[in-house]
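When we follow this note's numbering, the leftmost residue of the sequence shown carries the number 597, and every step to the right adds one.
Do not rely on the hints blindly, as some may be mistaken.
Cross-link-like lysine-lysine pairs, in silico, DSBU-like; alpha carbons within 35 Å at most [claimed, not checked]:
hint : residue 1 : residue 2
1    : K878      : K696
2    : K902      : K878
3    : K762      : K696
The hints are simulated quantities; they were obtained by calculation from the structure and are not laboratory data.
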Amino acid sequence: MHRLQRALDALVERVDTPAPIVLIDVMQRNIDRMQGFAARHNLEIRPHVKTHKCVEIGRLQVEAGAVGITAGNIGEAEVFAAAGFDDIFLAYPIWPAGTKAERIRRLAGTARLRVGVDNVAAVEALADAMGDEPGRLEVVVEIDCGARRSGTPPEAAGDLALAARKRGLVPVGVYTYPGHGSSAPDARERAARDQEAALATAVRSLAGVGVTAEVVSAGSTPTVAFSTSDLITEIRPGEYVFCDMDNTRLGACDEDQIALFVATTVVSDWVPGQVILDIGTKALGRDGNPQRGYGQIAGRELVLSKLNEYHGFLAVPPEETRPSLGTVLPMVPNHVCPIVNNFEELIVTDSQGTMPQRWPVAARGRLS
597 MHRLQRALDA LVERVDTPAP IVLIDVMQRN IDRMQGFAAR HNLEIRPHVK
647 THKCVEIGRL QVEAGAVGIT AGNIGEAEVF AAAGFDDIFL AYPIWPAGTK
697 AERIRRLAGT ARLRVGVDNV AAVEALADAM GDEPGRLEVV VEIDCGARRS
747 GTPPEAAGDL ALAARKRGLV PVGVYTYPGH GSSAPDARER AARDQEAALA
797 TAVRSLAGVG VTAEVVSAGS TPTVAFSTSD LITEIRPGEY VFCDMDNTRL
847 GACDEDQIAL FVATTVVSDW VPGQVILDIG TKALGRDGNP QRGYGQIAGR
897 ELVLSKLNEY HGFLAVPPEE TRPSLGTVLP MVPNHVCPIV NNFEELIVTD
947 SQGTMPQRWP VAARGRLS
């Protein structure tokens with residue numbers, strides 16, 4: 597019997613499905629493993645809390661040695677700041693519209709706050725938001741290293757840092773996201789090399805205008821194994837805390853490092869060659885496609901071939917035993933990050949399914 601199924605079987609009478617189950621012993625090993633990796637390579641680790649949005653898990657990461665946290669938006673940062681986290685990097689090109697200007701000012705008054713910028717207009721808006729205290733806000737220039745998402749060209753990083761300094765903000769360095777490393781197993785190292793080259797260019801660009809890059813920040817779980825250049829000062833992995841099918845397929849984690857799965861029940865079996873599970877896009881999100889599926893049953897060659905909002909279509913090939921009605925199964929998601937935002941709490945246990953606890957997903961729904 598697969599280890600995730602064994603843990604689930606011990607909990608089955610105490611869990612209403614669908615439900616996200618976290619194995620704390622596996623998760624703690626993941627946290628300690630990444631912290632050890634960072635220590636060996638003289639890197640600081642600033643984990644991205646968007647993966648778990650859970651204060652208790654963030655505390656485990658800091659207790660293991662993380663220097664602070666990375667958040668994806670102001671709302672996430674507010675939740676963690678209220679819980680006592682005092683070193684926060686908003687790794688996003690923040691635009692302080694609406695109430696965000698006042699919220700950024702408040703955060704900068706309660707925590708060491710860094711925010712991402714990738715354009716001069718945002719620098720001006722952030723400086724305006726800080727009023728007569730711009731020096732309380734640190735900015736990190738986001739550069740594009742090939743993901744073609746947000747981020748200024750690396751050679752222009754110095755211009756943004758200089759613009760920030762002229763407005764009284766405190767430019768402290770550069771960061772990037774090598775998202776193109778998630779496209780295939782052999783793309784991970786190439787993306788990390790692109791990241792290194794882009795960061796080096798950006799550091800030189802800052803130096804050219806008299807700004808020292810104290811922070812040279814790299815992501816992410818798929819590429820972190822190759823992000824070991826002496827140039828890099830910190831790493832921002834997120835998914836490593838749980839792992840998932842996408843990272844397993846990429847070779848960024850092993851199957852035995854998967855610490856989160858979603859318990860799901862077979863509720864219908866009328867159609868030959870499939871069963872219906874009580875898990876759809878409302879629980880899993882939409883990561884996947886018909887070719888690789890939308891999630892996989894742990895330890896079995898059974899994948900979700902289609903999702904409706906509350907229905908999961910589990911394809912059952914002729915050579916596989918068809919799960920019977922009422923069977924509770926462990927579904928490993930393709931991409932773990934959307935899962936936690938769909939649930940109010942995580943059921944936290946160990947690999948034996950003992951002493952389950954319920955940890956709130958405190959930053960759930962915080963998207964702005």
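Hints, verified against the model:
1. Our distance criterion of 35 Å between C-alpha atoms is met by K878 and K696, whose separation comes to about 28 Å.
2. The straight-line distance between the Cα atoms of K902 and K878 is roughly 13 Å, inside the 35 Å bound, and the hint therefore holds.
3. Restraint check for K762 and K696: the C-alpha separation of about 22 Å stays at or below 35 Å, so the hint holds.
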